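One line per chain: the protein sequences are A and B, in this order.
Residue numbers for the first sequence follow our numbering, so the first one is 1 and each next one is one higher.
Residue numbers for the second sequence follow our numbering, so the first one is 1 and each next one is one higher.
Just so you know, the hints here were simulated from the structure itself, not pulled from any lab data.
One thing to keep in mind: the hints can contain errors.
To be verified - BS3-like mimics (lysine-lysine), calculated; alpha carbons at most 25 Å apart, straight line:
| hint | chain 1 | residue 1 | chain 2 | residue 2 |
| --- | --- | --- | --- | --- |
| 1 | B | 168 | B | 15 |
| 2 | B | 15 | B | 117 |
| 3 | B | 100 | A | 70 |
| 4 | B | 90 | A | 123 |
| 5 | B | 117 | A | 123 |
| 6 | A | 120 | B | 90 |
| 7 | B | 168 | A | 32 |
| 8 | B | 117 | B | 100 |
| 9 | B | 15 | A | 32 |
| 10 | B | 168 | A | 27 |
| 11 | B | 90 | A | 27 |
The model shown is predicted, which means the values in this text are computed figures rather than measured ones.
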Amino acid sequence: MAILTASTPVGHELPPVARQFRAEHFKRGDEKTIHTDLEAARREGLPAPVAIGPQVAALLFQQLRMCFEKGWVEGGRCEIVFRRPVFVTDFCVAKGTVTRREEGRDSVRLHCDVWIENQKGDKVVAGTASGVVPHGSDKGIAK
Amino acid sequence: MADTPHRIAEDEAGKRATFDEIEVGQLLGSMEWTPTEAMIDQQCELDLDYHAWFSVDSPWGGRIAPPQISYRPPRWLFSRRYNVRGLFYKWEIENVRPIKAGITLNVSGTLAEKYVKNNREFVVYQVQAVDPDNNVVFRTRRTHVLDFVDRTAPRAGVGLDSGIKSEKI
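Please model the entire structure based on the sequences and the hints provided.
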């Protein structure tokens, strides 16, 4: 059952999804990359190995799939910016808020601000996302 | 050299593509890509994101992939054309239809734009995937910054990293 429904109001907060990253989460065989090797990262001007962007963004995608279910798989849209590096041992949490309702004939598209914070509370990823929920999807949901 | 700011000039895959060499409008070509159940399993494990639709069955009939599995094929297309590492900056994604195990997708794209901002070089490519009935399955538009280091730094260093990875999830 999707968390968001046709009656979800603007201002509704999306459930946070968190992950403590570890260096081993980014290992791929013996490859030495900016994601796995300190020297490789330093040669590129980075202070330390950085997390693989899509694995960080996956926290948002998991959140959006939980919120919209089918309406994320069919009709989900997202536009995010990786604002600053996420390091391979950072703690990250995806957050979001419903910002706008776009009424359609058979469904409502709910627009959201979404972002990921690190352990310092810095927004390391930020952007917008939307998904669709069918009219009638709030039937039977306890208020 | 180690103490002088510089950008990587080459790596194991050869010379890095420079901003001037990247041609707006360039076709990135196309590829046939068939997600397998093993790929879906691996994507779920990478992301620690599990759902019955990904592992057992779905309303669309059979297992589907987490939509973000669509990340890699467009990157492979980009890497086939240009030896670029850099960092992922912006990601636009539209999930039009579910990505199903065993259904071959045709993935194709173009180099859409390039620009300089905050003294760094950015390139934008866009890709879409269609199923065997020519239905769009996903669209994406990606922006990469070519280097973390400012563009005023000379290209002189040798990277440990390769811009062209094995094409696997």
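Against the structure, the hints:
{"no.": "1", "hint": "168(B) / 15(B)", "verdict": "holds (23 Å)"}
{"no.": "2", "hint": "15(B) / 117(B)", "verdict": "holds (24 Å)"}
{"no.": "3", "hint": "100(B) / 70(A)", "verdict": "holds (14 Å)"}
{"no.": "4", "hint": "90(B) / 123(A)", "verdict": "holds (14 Å)"}
{"no.": "5", "hint": "117(B) / 123(A)", "verdict": "holds (20 Å)"}
{"no.": "6", "hint": "120(A) / 90(B)", "verdict": "holds (22 Å)"}
{"no.": "7", "hint": "168(B) / 32(A)", "verdict": "holds (16 Å)"}
{"no.": "8", "hint": "117(B) / 100(B)", "verdict": "violated (38 Å)"}
{"no.": "9", "hint": "15(B) / 32(A)", "verdict": "holds (18 Å)"}
{"no.": "10", "hint": "168(B) / 27(A)", "verdict": "holds (13 Å)"}
{"no.": "11", "hint": "90(B) / 27(A)", "verdict": "holds (23 Å)"}
The structure fails to meet hint 8 from the earlier list, while all remaining hints are met.
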